[in-house]
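Residue numbers (our numbering), protein chains in the order written: chain A, 1 to 293; chain B, 1 to 293; chain C, 1 to 293; chain D, 1 to 293; chain E, 1 to 293; chain F, 1 to 293.
Be a bit skeptical, because a hint or two may be false.
Identical copies go unnamed one by one, so any copy, or any two together, can satisfy a pair.
Claimed, not checked - Lysine to aspartate or glutamate pairs mimicking EDC-like chemistry, simulated, CA-CA at most 16 Å apart: (1) Lys170 - Glu285; (2) Lys209 - Glu259; (3) Lys72 - Glu88; (4) Lys48 - Glu285.
Derived by calculation from the structure, the hints in this document are not laboratory data. What you are looking at is a predicted structure, and each value in this text was computed from that prediction instead of being measured.
Protein chains: 6
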Amino acid sequence: MEGVNPPGTTLLVQDFIRWLREDSPFGDLTSELLIPKGVRVRAVVIAKSEAIAACVEDLAEALNALGVRVTKLVPSGTPLKPRDVVMELVGEARKLLLVERTLLNLVKYLFGVATTTRTFVEEARRANPRVRVAATRKVIPGLRYLAKKAVRAGGGDTHRFSLSDGVIIKDNHLAVIGDVSRAVKLAREGVSFMHRVDVEVQSLEDAIKAAEAGADVVMLDNMTPEQVREVVEELRRRGLRDRVIVEVSGGITPENLREYASLDVDVISTSYITMNPVRVDVSLEFVEVVRGP
Amino acid sequence: MEGVNPPGTTLLVQDFIRWLREDSPFGDLTSELLIPKGVRVRAVVIAKSEAIAACVEDLAEALNALGVRVTKLVPSGTPLKPRDVVMELVGEARKLLLVERTLLNLVKYLFGVATTTRTFVEEARRANPRVRVAATRKVIPGLRYLAKKAVRAGGGDTHRFSLSDGVIIKDNHLAVIGDVSRAVKLAREGVSFMHRVDVEVQSLEDAIKAAEAGADVVMLDNMTPEQVREVVEELRRRGLRDRVIVEVSGGITPENLREYASLDVDVISTSYITMNPVRVDVSLEFVEVVRGP
Amino acid sequence: MEGVNPPGTTLLVQDFIRWLREDSPFGDLTSELLIPKGVRVRAVVIAKSEAIAACVEDLAEALNALGVRVTKLVPSGTPLKPRDVVMELVGEARKLLLVERTLLNLVKYLFGVATTTRTFVEEARRANPRVRVAATRKVIPGLRYLAKKAVRAGGGDTHRFSLSDGVIIKDNHLAVIGDVSRAVKLAREGVSFMHRVDVEVQSLEDAIKAAEAGADVVMLDNMTPEQVREVVEELRRRGLRDRVIVEVSGGITPENLREYASLDVDVISTSYITMNPVRVDVSLEFVEVVRGP
Amino acid sequence: MEGVNPPGTTLLVQDFIRWLREDSPFGDLTSELLIPKGVRVRAVVIAKSEAIAACVEDLAEALNALGVRVTKLVPSGTPLKPRDVVMELVGEARKLLLVERTLLNLVKYLFGVATTTRTFVEEARRANPRVRVAATRKVIPGLRYLAKKAVRAGGGDTHRFSLSDGVIIKDNHLAVIGDVSRAVKLAREGVSFMHRVDVEVQSLEDAIKAAEAGADVVMLDNMTPEQVREVVEELRRRGLRDRVIVEVSGGITPENLREYASLDVDVISTSYITMNPVRVDVSLEFVEVVRGP
Amino acid sequence: MEGVNPPGTTLLVQDFIRWLREDSPFGDLTSELLIPKGVRVRAVVIAKSEAIAACVEDLAEALNALGVRVTKLVPSGTPLKPRDVVMELVGEARKLLLVERTLLNLVKYLFGVATTTRTFVEEARRANPRVRVAATRKVIPGLRYLAKKAVRAGGGDTHRFSLSDGVIIKDNHLAVIGDVSRAVKLAREGVSFMHRVDVEVQSLEDAIKAAEAGADVVMLDNMTPEQVREVVEELRRRGLRDRVIVEVSGGITPENLREYASLDVDVISTSYITMNPVRVDVSLEFVEVVRGP
Amino acid sequence: MEGVNPPGTTLLVQDFIRWLREDSPFGDLTSELLIPKGVRVRAVVIAKSEAIAACVEDLAEALNALGVRVTKLVPSGTPLKPRDVVMELVGEARKLLLVERTLLNLVKYLFGVATTTRTFVEEARRANPRVRVAATRKVIPGLRYLAKKAVRAGGGDTHRFSLSDGVIIKDNHLAVIGDVSRAVKLAREGVSFMHRVDVEVQSLEDAIKAAEAGADVVMLDNMTPEQVREVVEELRRRGLRDRVIVEVSGGITPENLREYASLDVDVISTSYITMNPVRVDVSLEFVEVVRGP
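Produce the complete structure using the sequences and hints provided.
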């Protein structure tokens with residue numbers, strides 16, 4: 001457990017302030033009436049269930065910029081047991097009460113994401129040590145950056161962050177443009193050499209077409225394990241297996257994860273880890289009053 | 001199913017634009033390469049699981065302000081079956097692809113909240129037709145307004161929206177101020193006649209003190225059903241039961257909900273409905289190209 | 001007179017920066033030409049008329065976040081005489097000149113609100129020690145939070161902060177919905193148990209209807225003292241007086257305030273204190289140059 | 001009375017949206033419960049006291065961008081009598097109720113500024129048809145643009161908008177730099193040829209120094225009419241009167257305005273018109289329901 | 001030349017509004033005094049030098065959202081001669097004068113970028129039809145999205161948009177981490193399968209190390225053509241040439257571009273096209289008044 | 001070379017944060033993977049070509065607010081030779097890498113503006129020591145404040161900052177209003193005494209009309225040196241030369257600058273200095289690691 005949170009205004013602080021204003025558009029009625037100005041306390045954020053820590057450094061830097069000093073923190077990625085201290089905070093009692101709920105809501109969601117990711121990664125690695133578990137763009141709006149970081153803290157792959165950092169050709173694109181091969185060629189030609197081309201396919205034929213047209217990634221969407229195996233074999237037969245990354249996606253659950261992982265695939269992507277993370281419990285407790293009013 | 005979405009810029013549209021920028025800081029690489037400018041399509045948002053609709057009118061107004069015309073929608077509160085159409089949209093194919101993920105992420109979360117709320121409300125009402133199921137402030141930061149509206153669409157009570165619209169005295173306040181009676185008196189005196197005073201208590205003694213000191217609401221926190229019953233009886237014995245609203249909170253789950261509801265309580269508040277909503281599946285499908293490039 | 005202003009970025013600072021940018025979109029021409037960079041001064045904000053201080057701590061925290069150190073301040077609520085020091089500031093001369101006008105404009109308005117509120121409260125209390133003087137939502141846009149705080153510093157009641165923290169049924173609502181009783185019932189049923197229902201009425205009949213339908217507050221709008229007395233008596237006759245808060249509003253002036261206060265009413269609400277506050281004079285004076293260029 | 005408000009998003013609309021969010025961070029509880037979605041009404045904004053209209057076109061354009069159609073308006077600068085219609089609006093009842101308070105608060109303040117300005121201008125012009133009445137930078141933060149426009153609507157001179165569009169050398173500058181002549185020279189040299197140099201002086205000596213050093217404007221601060229006369233005579237004696245604009249400022253009230261105006265001065269500047277405008281009464285009334293739910 | 005600009009609020013409009021506020025914090029003094037409200041005009045944006053059009057559709061959509069109707073436009077990528085019409089606009093004269101300068105400033109810069117890019121691309125392709133000319137992150141802050149689009153309109157490759165969509169290991173990273181091979185391995189392992197790894201090297205040794213460690217791109221920084229040839233040969237000798245993209249960067253000018261392009265390299269990246277674009281002249285001219293005041 | 005950068009949040013910091021978010025919407029992939037958290041370095045920003053420093057203090061204050069300590073800096077206006085240190089910075093390695101590109105992009109553009117301005121000013125002053133070289137509003141959107149400051153650092157005149165701080169009557173205004181004399185009179189009457197009136201004219205006749213009608217500045221647009229001489233002589237002949245500032249503008253280049261300067265003109269304004277500044281090279285180099293991870 002290390003100490004400092006670095007000085008200075010983080011990029012996150014502007015979001016944090018917006019969230020605080022959402023939670024207190026006209027101030028904190030209760031604290032302003034009950035807590036004398038000037039009372040300073042030491043407090044801890046405590047895990048109340050098992051969890052993987054995530055985004056702790058980012059949150060600490062934002063708190064610091066808001067005038068709450070973080071005197072201890074567990075690094076992101078650390079596994080926690082109930083009663084483990086996540087952060088130790090010192091500051092005005094009123095300010096701690098102001099940030100409490102926003103901080104805990106973030107921690108609950110982000111630690112949940114990291115924890116579920118870790119579970120998925122470990123389960124998948126048991127079957128296939130090389131396979132990656134990746135997040136999707138199915139993330140609560142406004143939390144993309146933090147949620148993707150939580151995925152990384154859990155050992156997952158962030159995948160594309162947004163529509164701007166990679167091409168993924170999907171069914172609605174094909175509904176307009178028609179042909180997989182032509183779509184891949186157009187994308188290949190137009191996209192920067194720094195960005196990859198991924199193609200979501202529902203059939204063996206389209207998987208082969210995509211690979212032959214030069215896709216970097218072939219995403220097998222909503223296929224059964226049997227169908228996936230068939231596609232991979234056909235790719236290998238045609239000498240294409242090593243030229244593409246094989247990704248499976250759609251309908252991945254804790255139950256079927258290991259079966260998919262045991263196939264010769266490179267990436268398993270799933271919205272489960274960001275949209276249905278396990279419930280993590282945390283609380284913020286005042287430890288002592290360090291200065292009276 | 002009605003038609004129009006009203007003209008004009010909604011308050012939500014600024015959040016929606018921020019979320020779109022999050023999802024496309026440098027544009028949508030794929031659509032810009034594959035979809036010719038000028039192609040217009042008709043599309044539908046379709047439920048793929050059972051759900052209660054929520055915030056549909058708000059989302060429609062934001063879409064409209066962004067240049068996507070909503071030609072049909074189901075009113076918030078409507079129960080949906082798989083394949084039911086949530087919205088019908090007409091617009092530029094590129095714009096629909098731009099908003100698709102943000103829209104669906106919101107719909108998944110908000111319909112999930114409404115659906116889980118409805119389930120809780122129905123379960124509670126079976127035991128006690130007068131009891132209210134209320135949300136808490138445990139909501140994903142940035143989505144407070146919409147999530148509370150989704151709670152209402154599911155038949156729930158929104159509870160306090162923020163720290164600014166009611167007093168709730170909690171353990172951390174008492175850690176500083178010490179005494180329940182004094183805290184309630186201070187709050188009562190200082191707070192506007194338009195705002196209520198709620199006190200979270202962990203013991204029979206504090207419940208009585210809070211009620212006697214003039215609290216509007218006594219929130220029994222993490223008590224067993226047996227303890228709750230005891231408090232309510234003591235309140236009645238002292239002639240205080242009708243002067244306060246009795247709220248139970250903490251550890252409410254689908255399993256124990258009915259047992260708490262069957263007691264003489266007014267409100268059951270729970271973060272379960274906003275933090276662990278059921279998984280709702282929706283998709284956006286292109287129905288037809290209404291104008292070529 | 002105490003010292004420190006707490007470290008850290010306040011919620012107010014973002015508004016303050018916006019106001020500074022309004023007052024200097026391209027910098028401060030005069031100071032950049034005349035004041036050498038690096039000159040630091042000690043300065044005081046001084047009252048030049050009698051006033052009640054308000055929002056001083058908020059302003060101090062914002063100044064601090066902007067790099068102006070507040071070394072002394074009078075607590076909000078303090079009565080001031082001409083030449084009393086409101087704040088002592090130390091900082092770069094250029095920065096003090098940058099914030100001077102924005103700071104003083106806020107102080108003039110907010111101290112004016114607190115001062116007028118205090119005058120009203122004292123006048124009302126002379127006639128009726130239990131009566132509250134409350135503000136309305138008639139406040140300069142953009143200053144709601146601070147103006148309501150200034151009302152509190154003057155001893156007033158903040159009333160509703162916004163459309164989101166309480167129900168008030170007014171004539172334009174009734175123009176659509178028609179009937180007071182039905183309106184109150186709809187509101188009662190739909191609103192959270194944490195929010196109150198206030199009904200603005202123009203007649204004895206509607207006052208009774210509102211109280212019978214379960215309103216928490218009955219606001220007697222633009223009634224003469226005689227009419228108010230009549231309503232209160234009828235409420236008492238029907239056993240409703242103790243079940244509702246009686247608020248009078250509309251046309252309250254310094255001249256008629258005491259007459260209304262002497263009636264059996266709970267709250268007198270008025271826009272006078274926020275829209276026509278007394279003129280308060282303050283200035284910012286350089287005391288000494290503490291470091292040359 | 002003309003009709004249209006021009007289409008398109010005005011610059012003001014972003015401020016208006018921020019003010020609406022201030023007034024309804026979580027929606028309008030009352031209207032959402034009482035007013036069925038889809039009900040459209042015709043409404044009028046009506047003057048209830050005498051006033052000069054101001055900023056009406058700006059407000060109309062913002063309303064339009066928010067989905068409220070302005071079908072009639074009185075041009076800014078028009079004198080109004082009680083019961084005169086300021087604007088006629090058509091829109092969703094819910095939306096009109098949402099904007100009502102913010103709109104009226106703006107109208108009250110801005111019409112008040114224009115009205116008081118007009119009174120001052122007429123009073124001053126009776127004594128001296130060439131004299132200008134000018135506003136200062138003492139304006140409620142956040143409303144600078146609109147308040148200055150209201151001054152213009154009342155026939156006043158806007159003076160400097162901010163610290164960035166002209167030099168004004170004041171006592172605090174001189175406290176650092178010492179000498180008026182040197183200050184004016186530094187400013188003159190460094191400032192663009194497009195910007196003017198104004199100097200606030202408290203003595204005859206400094207007035208002469210400022211004029212000799214090349215100031216465009218000499219502002220006689222807090223001088224008695226007798227002192228002003230003396231300065232002007234001395235300027236004339238030295239052949240400087242025609243080379244400078246003479247401004248008087250400080251302590252101007254409705255009572256002494258005419259006396260100052262009757263002197264040979266060019267500009268009388270005063271914060272009275274923006275900080276203590278006359279109370280203007282307006283209301284928004286629903287005229288008819290044009291479409292049911 | 002096509003017609004419509006699609007309705008709806010673009011993502012760009014918020015930037016455009018911020019830029020307009022920068023150019024008119026207190027309105028347009030001249031137009032407000034000289035141009036009667038309600039005068040509508042038809043105007044054209046006209047090229048006054050040869051240029052490649054860029055970002056025209058984005059600008060048109062923003063103008064539309066601001067209430068200026070774009071009735072004609074040339075598609076981005078079109079080569080223009082002097083007097084060619086870029087856009088035809090219809091709108092309020094005041095609004096056209098308000099947007100004029102901001103629009104033209106953008107057009108000048110963006111068309112300049114596209115034009116210089118086209119010149120570079122054509123020059124490079126003459127020597128090597130497969131080579132790509134790519135932009136860097138050396139772009140005016142605030143204009144990244146538009147400038148990269150202008151590069152694309154000129155036929156260039158956008159390269160990385162930001163620090164978030166690809167890894168580029170540079171000298172300052174190596175100053176901390178020391179070893180190229182280790183750096184590439186760390187990056188390879190940690191980065192998503194959707195993002196590429198580029199390594200900037202100054203020597204033959206590091207180029208080989210980077211390729212062997214699995215870099216996707218080897219960027220030869222500030223090497224002479226002779227050094228580049230040597231690196232490419234060594235890569236080929238070791239069978240690594242086909243496994244990496246070879247990029248040259250640093251000190252590319254119109255003079256030496258063709259020499260670099262004639263080597264066996266894949267990408268030439270240069271800040272010249274975004275930081276020193278050719279001067280493009282455009283103007284906005286009123287064609288006719290379509291409606292009087 | 002002085003040391004400190006003053007504490008506190010500058011006005012610029014909000015723009016800087018927006019630019020950083022543009023350059024790293026989802027963080028800095030490379031540094032997060034390669035640079036251990038906690039590593040602190042000392043770095044220098046170094047000139048690599050001759051240049052005039054500009055806006056250094058503003059940038060330093062923004063960096064400081066972001067947690068990067070500026071320990072040395074050269075004052076704006078200083079001439080630099082290659083290898084001169086512009087700033088010395090100490091901070092987290094990750095943070096320095098985060099700000100590097102944005103900082104350097106600003107420095108390159110702003111120093112370029114100052115350098116080109118200085119060259120123009122010196123060239124013009126050789127011919128005419130009283131003449132001013134002024135910028136226009138042709139500046140990259142979003143950088144107006146800084147670019148104008150850079151012009152000042154180079155010894156230039158900032159001219160109007162925006163549409164709000166002075167009147168300039170141009171061809172498009174005259175296309176609507178018709179007559180120069182009438183336009184000047186309208187402007188003169190309506191504009192504040194603090195703001196100047198400048199008129200852009202293309203002919204001798206209009207120049208005379210403008211001067212006679214009371215313009216403060218006559219801007220001779222796109223005239224040959226011979227035409228300019230003729231106008232000035234006619235103004236003198238009519239006794240108007242001393243009553244107006246004579247500005248020449250349009251088509252000023254390094255080649256013809258001296259010829260225009262040698263005429264009896266007061267101001268030469270040109271977009272060349274802000275739109276085509278000389279290329280300035282700078283880099284940020286890590287000097288030492290001051291603390292390990």
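Hints and how they fare:
In this homomeric assembly, Lys170 and Glu285 come within 16 Å of each other (Cα to Cα) only across copies, at 11 Å, whereas the closest approach inside a single copy is 48 Å. In the homo-oligomer, the alpha carbons of Lys209 and Glu259 never lie at most 16 Å apart, since the shortest distance is 26 Å inside one protomer and 38 Å across protomers. In this homomeric assembly, Lys72 and Glu88 come within 16 Å of each other (Cα to Cα) only inside a single copy, at 5 Å, whereas the closest approach across copies is 30 Å. With identical chains, the CA atoms of Lys48 and Glu285 are at most 16 Å apart within one copy only, with a shortest distance of 12 Å there and 42 Å across copies.
This entry does not satisfy hint 2, going by the numbered hints stated previously; all others are met.
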